[in-house]
Amino acid sequence: MTVHAVDAGNPVQQTATATVFITVEDVNNKPPKFSEDSYVEYISESSTIGAEVLTVIATDPDEDAKIRYSIVEPIIARDKNWFSCNNAFRIDGTTGKIIVNKLLEYNSASVIILTVDAVDLNAVDITFDKQQKTSVEVTIYIRAHGEMNPVFSPPWTQAHPVIEITVPEETLIGSTLLALSAFDPLTHAIVTHFEKISGSDPDNYVSVSPVSDSQEGFGTIKYSISGDGSDVFDIDETSGTITIRENATLDREASCI
Numbered sequence: 001m002t003v004h005a006v007d008a009g010n011p012v013q014q015t016a017t018a019t020v021f022i023t024v025e026d027v028n029n030k031p032p033k034f035s036e037d038s039y040v041e042y043i044s045e046s047s048t049i050g051a052e053v054l055t056v057i058a059t060d061p062d063e064d065a066k067i068r069y070s071i072v073e074p075i076i077a078r079d080k081n082w083f084s085c086n087n088a089f090r091i092d093g094t095t096g097k098i099i100v101n102k103l104l105e106y107n108s109a110s111v112i113i114l115t116v117d118a119v120d121l122n123a124v125d126i127t128f129d130k131q132q133k134t135s136v137e138v139t140i141y142i143r144a145h146g147e148m149n150p151v152f153s154p155p156w157t158q159a160h161p162v163i164e165i166t167v168p169e170e171t172l173i174g175s176t177l178l179a180l181s182a183f184d185p186l187t188h189a190i191v192t193h194f195e196k197i198s199g200s201d202p203d204n205y206v207s208v209s210p211v212s213d214s215q216e217g218f219g220t221i222k223y224s225i226s227g228d229g230s231d232v233f234d235i236d237e238t239s240g241t242i243t244i245r246e247n248a249t250l251d252r253e254a255s256c257i
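Numbered per the working numbering, the sequence shown spans residues 1 to 257.
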């Protein structure tokens, strides 16, 4: 800005002009923030030590922020609390890359939930006299390994074993929503029975009929559906086709998922 200095001269006042530059310095007063509210990843139990699982990312708007990542308590092996999972994974404190730290066993722990902290090493919360940090939950699903494992049809893939569908609330009763199918990767024979991964549905929203004890390895698969919201849908036990139940009504305001 420009400042004028004027004296009290009479009859002519004398003036001087100066340009003033004001620099506003950044104060490190904001905690880091993760790019996601939570993270989910699927890995095989055959993953080797040192294999990358995923990378968490946190940013800080402060100019001099220096973020450090760490895995902290609580660390939970869902439904397998006796399994020592504290050292199952490690994290690169600088990059946020999570890495397999010891051999994994699906039968020991199928779901491991990590807590990751991001701390700004250059900042101290002056109100509470402690470091500025934020935490995020990372859920890692351990998948059983086997060359004979059946696979679902696309868009499901081993790298991204997820199937998502969106249902308009005014979809006509009886409309087909999704036809699930699985097959033997060696013979390509269609299989129709699957079991729910232990720990993947902690609230037990869905029940699945058990795998057959057939000597060939794969028996007849029958699909079933239950849990929260399942009362408005039917599933064909043989084909896996999901339809809206007769006389049922979809209401997005009541439940959108």
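None of these hints come from the bench; they were simulated from the model.
A couple of the hints might just be wrong.
Claimed, not checked - With a straight-line cut-off of 25 Å between C-alpha atoms, the simulated DSS-like cross-links for lysine-lysine are: (1) Lys130 <-> Lys66; (2) Lys102 <-> Lys30; (3) Lys102 <-> Lys33; (4) Lys97 <-> Lys30; (5) Lys102 <-> Lys66; (6) Lys133 <-> Lys33; (7) Lys33 <-> Lys130; (8) Lys66 <-> Lys33; (9) Lys30 <-> Lys66; (10) Lys102 <-> Lys130; (11) Lys133 <-> Lys66; (12) Lys130 <-> Lys30.
Unchecked claim - Estimated spans, in silico, between C-beta atoms of each pair: (13) Ala144 <-> Ile49: 16 to 22 Å; (14) Asp236 <-> Glu73: 42 to 48 Å; (15) Asn29 <-> Glu164: 16 to 22 Å; (16) Phe21 <-> Gly93: 36 to 42 Å; (17) Thr157 <-> Ile22: 41 to 47 Å.
We put the CB at the ideal spot given by N, CA and C, even for glycine.
Given pair status - Lys30, Lys130, alpha carbons within 25 Å | Holds, at about 13 Å.
Assess, step by step, whether the Cα of Lys102 is no farther than 25 Å from the Cα of Lys66, and give holds or violated.
-> violated (29 Å)
Given the hint that Lys102 pairs with Lys33, test it: the Cα-Cα distance must not exceed 25 Å.
-> With Cα atoms ~29 Å apart, Lys102 and Lys33 exceed 25 Å; violated.
Is the hinted pair Lys130 and Lys66 satisfied, with a Cα-Cα distance of at most 25 Å?
-> Holds, at about 15 Å.
Compare the distance between the alpha carbons of Lys66 and Lys33 with 25 Å, and conclude whether the hinted pair is satisfied.
-> holds (13 Å)
Per the hint of 16 to 22 Å, is the separation of the Cβ atoms of Asn29 and Glu164 within bounds?
-> violated (40 Å)
Kindly confirm whether 41 to 47 Å is satisfied by the beta carbon distance between Thr157 and Ile22.
-> Taking Cβ atoms as reference, Thr157 and Ile22 lie about 57 Å apart, which means the hint is violated.
Given the hinted pair Lys30 and Lys66, is their alpha-carbon gap at most 25 Å?
-> holds (12 Å)
Asp236 and Glu73, beta-carbon distance inside 42 to 48 Å?
-> At 46 Å between Cβs, range holds.
Would you mind confirming whether the straight-line C-alpha gap from Lys133 to Lys66 stays at or under 25 Å?
-> holds (11 Å)
Satisfaction of the hinted span 16 to 22 Å by the C-beta atoms belonging to Ala144 and Ile49 | holds (19 Å)
Agreement of Lys133 and Lys33 with the hint, judged by alpha carbon distance not exceeding 25 Å = holds (8 Å)
When the structure is compared with the earlier hints, violations turn up for hints 2, 3, 5, 10, 15, 17 and for no others.
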